Amino acid sequence: MKLNGKTLCKLFISTLYISTFTFGGGFVIVNFMKRKFVDELHWIDEQEMLDITAMAQSAPGAIAVNAAILVGWKVQGFFGMLTAVVGTILPPMVILTVISFFYEKFAANRYVALVLQGMQAGVAAIILDVAWGLGTSVLKSKEWLHYAVLLLAFVSAFVLGVNVIYIILASLAVGILKEALSHKRRCEK
Amino acid sequence: MIYLQLFFAFLQVGLFSVGGGYAAIPLIQSQAVEKYGWLTLSAFTNLVTVAEMTPGPIAVNAATFTGLQIAGIGGAAVATLGCISPSLCLVSALAVLYGKYKKNTAFQNVLQILRPAVVALIFSAGLRILRLVAFDEQTIALQNANYIGILLFAGAFFVLRKWKLNPILVLLMCGALNLLFYAIFGWI
Chain A
1148 MKLNGKTLCK
1158 LFISTLYIST
1168 FTFGGGFVIV
1178 NFMKRKFVDE
1188 LHWIDEQEML
1198 DITAMAQSAP
1208 GAIAVNAAIL
1218 VGWKVQGFFG
1228 MLTAVVGTIL
1238 PPMVILTVIS
1248 FFYEKFAANR
1258 YVALVLQGMQ
1268 AGVAAIILDV
1278 AWGLGTSVLK
1288 SKEWLHYAVL
1298 LLAFVSAFVL
1308 GVNVIYIILA
1318 SLAVGILKEA
1328 LSHKRRCEK
Chain B
132 MIYLQLFFAF
142 LQVGLFSVGG
152 GYAAIPLIQS
162 QAVEKYGWLT
172 LSAFTNLVTV
182 AEMTPGPIAV
192 NAATFTGLQI
202 AGIGGAAVAT
212 LGCISPSLCL
222 VSALAVLYGK
232 YKKNTAFQNV
242 LQILRPAVVA
252 LIFSAGLRIL
262 RLVAFDEQTI
272 ALQNANYIGI
282 LLFAGAFFVL
292 RKWKLNPILV
302 LLMCGALNLL
312 FYAIFGWI
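Keeping their order, the protein sequence lines are chains A and B. Under our numbering, the first residue of the first sequence carries the number 1148, and numbering increases by one thereafter. Under our numbering, the first residue of the second sequence carries the number 132, and numbering increases by one thereafter.
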């Protein structure tokens, strides 16, 4: 992979910008990344972004950092990975260093709380907007097994509160089983 | 010495927290509060609140804060490095493997089944936050409904779908509007 200074620079600015505004956990940053790297810059395709999400979620460590590592490797190899990770961890480090001087006042401030409460509504809208777009492309696949996996995973996660890791592992097992069966069928023919 | 301790304490947090922020909280507590006594329990509780209010992964926030308290900027850097190094190794290995086998048909077929599940997980995460926004309390009942929150959500969803507005702009507008609504309609 040829190292491109301009791409690295863009990757750094994008991850810095995304990380600065990522409130509310790992799934939010994955959604911002999808919008930036898939829809806007076309560096990654939609399928790959879903694979990145699954890997970032199931590997140990912070989802945002994991996703940055995967996106960085994909875009510019090792140095892309370093760039994306630095871009992702710099904003929280700087912000927390500044806040640490008056953090008790910050935690108790009513105006701060109200702004954050409003932003939470925006976070829900962003996640569901991305899920909507991804969901329609699953529905277009017209494969009953895809529909079944989508439905079962949703019920397990949202209604039953099953740990996300188990859901990913179970779907992986279904995928392997299906592939093994169709492979066997191909061999018999 | 203290740098090494910080590094290894947060290395464990990074290595054993699987599945995001909420998995990391008890691990941070056991290292920074119980094992080393770097933070008091009330300082830790405030830290969790602040970490939730500021951007970035909770583990990185906690590492920065604890490192700063114990050993200044250097401590913050060492603790953060400790917390991300398991990811740097393991996830990099995953990235390289993925890049290598991405074009393999069997691997692609298996991933085909994984993708709808990931979509469902994203959908579920969004709905969970929406539930938190729409109802102030744990129980879902009409008298607990937060109408301003529901309105903000509906508006944000509409402009994102219809006009593909920049999500970060939408986020900031939601925050500003919520403050404005409460300023106009009084403090409830």
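For the record, the hints were derived by calculation from the structure and aren't laboratory data. This structure is a prediction, so every number in the text was calculated from the model and none was measured. Quick reminder that beta carbons are idealized off the backbone N, C-alpha and C, glycines included. It is possible that part of the hints are untrue.
Coverage of chain A stretches by chain B, computed from C-beta distances (three or more under 8 Å per stretch; other residues unrestricted) [unchecked claim]:
| # | region |
| --- | --- |
| 1 | 1156 to 1162 |
| 2 | 1276 to 1282 |
Dumping the calculated DSS-like pairs for lysine-lysine here, alpha-carbon to alpha-carbon at most 25 Å [said to hold, decoys possible]:
| # | chain 1 | residue 1 | chain 2 | residue 2 |
| --- | --- | --- | --- | --- |
| 3 | A | 1149 | B | 231 |
| 4 | A | 1289 | A | 1252 |
| 5 | A | 1289 | B | 233 |
| 6 | B | 234 | A | 1149 |
| 7 | A | 1287 | A | 1325 |
| 8 | B | 295 | A | 1325 |
| 9 | B | 231 | A | 1287 |
| 10 | A | 1287 | A | 1252 |
| 11 | A | 1325 | B | 231 |
| 12 | A | 1331 | B | 295 |
Comparing the hints with the structure gives:
With 0 residues carrying a beta carbon less than 8 Å from a beta carbon of chain B, the region 1156 to 1162 of chain A misses the three-residue requirement, and the given coverage is violated. Three residues within the 8 Å Cβ limit are the bar, and the region 1276 to 1282 of chain A against chain B gives 6, so the coverage statement holds. Under the criterion of a C-alpha separation no larger than 25 Å, the hint pairing residue 1149 (chain A) with residue 231 (chain B) is consistent with the structure, at around 17 Å. For the hint linking residue 1289 (chain A) to residue 1252 (chain A), the alpha-carbon distance of about 54 Å lies beyond 25 Å, and the restraint is violated.
A threshold of 25 Å between alpha carbons decides the hint, and for residue 1289 (chain A) with residue 233 (chain B) the separation of about 23 Å falls inside it, so the pair holds. Using a Cα cut-off of 25 Å, the hinted pair residue 234 (chain B) and residue 1149 (chain A) holds, with the two alpha carbons roughly 20 Å apart. For the hint linking residue 1287 (chain A) to residue 1325 (chain A), the alpha-carbon distance of about 20 Å falls within 25 Å, and the restraint holds. Between residue 295 (chain B) and residue 1325 (chain A), the direct Cα distance comes to roughly 37 Å. Violation of the 25 Å bound is thereby established for this hinted pair.
Using a Cα cut-off of 25 Å, the hinted pair residue 231 (chain B) and residue 1287 (chain A) is violated, with the two alpha carbons roughly 28 Å apart. As the CA atoms of residue 1287 (chain A) and residue 1252 (chain A) are separated by approximately 50 Å, the hinted pair breaks the 25 Å bound. Annotation: proposed proximity of residue 1325 (chain A) to residue 231 (chain B) holds, straight-line Cα distance about 22 Å (limit 25 Å). Note on residue 1331 (chain A) and residue 295 (chain B): the hinted pairing is violated, with a Cα-Cα distance of about 45 Å set against a maximum of 25 Å.
Hint check: violations occur at hints 1, 4, 8, 9, 10, 12; the rest are consistent with the structure.
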